[in-house]
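Visitor: Dock chain B against chain A, hints included.
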Amino acid sequence: AQKITQTQPGMFVQEKEAVTLDCTYDTSDPSYGLFWYKQPSSGEMIFLIYQGSYDQQNATEGRYSLNFQKARKSANLVISASQLGDSAMYFCAMREKGTGRRALTFGSGTRLQVQP
Amino acid sequence: EAQVTQNPRYLITVTGKKLTVTCSQNMNHEYMSWYRQDPGLGLRQIYYSMNVEVTDKGDVPEGYKVSRKEKRNFPLILESPSPNQTSLYFCASSLQGANTGELFFGEGSRLTVL
Chain A
2 AQKITQTQPG MFVQEKEAVT LDCTYDTSDP SYGLFWYKQP SSGEMIFLIY QGSYDQQNAT
62 EGRYSLNFQK ARKSANLVIS ASQLGDSAMY FCAMREKGTG RRALTFGSGT RLQVQP
Chain B
225 EAQVTQNPRY LITVTGKKLT VTCSQNMNHE YMSWYRQDPG LGLRQIYYSM NVEVTDKGDV
285 PEGYKVSRKE KRNFPLILES PSPNQTSLYF CASSLQGANT GELFFGEGSR LTVL
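Chains as they are written, first to last, in the numbering used here: chain A, 2 to 117; chain B, 225 to 338.
Just chain A, same shape as in the assembly (with noise of 0.2 Å):
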């Protein structure tokens, strides 16, 4: 089974508006983490924003907030004000702390396309 869903492959927003990247996840472990990451075209990976499985209040990095909901297993990103520059590919990882390898499982992403 897959543990990190990104139904999405590719979405469109218009500039200036929210657009949501949606991410669900498997896993039995009861303390994990939840990661989204950006890839622009130039291939590296920024990271965006974290949230653990214990963190009560979603967590939220300037124009990004992670829509976290733990008994639905989700963990959208939420991109405010959208602008061109944000186009790009979106993955979703989640690690899961009784591995103890510290592996990120990866979803297979969500390109996002800006337009003027």
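Relax, there's no trap hidden among the hints.
If you want a taste of the chain B side facing chain A, the calculated C-beta under 8 Å gives, among others:
(1) Y255
(2) S257
(3) G264
(4) L265
(5) G266
(6) L267
(7) Q269
(8) Y272
(9) G282
(10) F314
(11) E331
(12) G332
Everything labelled a hint here was simulated from the structure, so no lab data went into it.
Here the structure is a predicted model, which is why all the values come from computation and not from measurement.
C-beta: ideal position from N, C-alpha, C; glycine also.
Guide: The following block gives chain B in isolation, referenced to the frame of chain A:
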């Protein structure tokens, strides 16, 4: 500047010709790891290292070797590359005890095996 440096960034090689992709980090991180990225599959972990002389297999280790003789370096070795190892490779590192455990990635190495 804190960074993870990979070399080469681009490489075209032929089947069976041994190659090494180097990775170096200047952040004194204990943990280092290699991932490969393939379309539709996201990133998958190849090998990881919790500290010097401690390495272990990730999800897709076949055809790869690693070593961790020094804290800052974690080379990825392809003893006999095959076309199915054509991929984009990322080295990453993090602090062992970091709360978020954020991974810092290198810029990637695009490998083509003919």
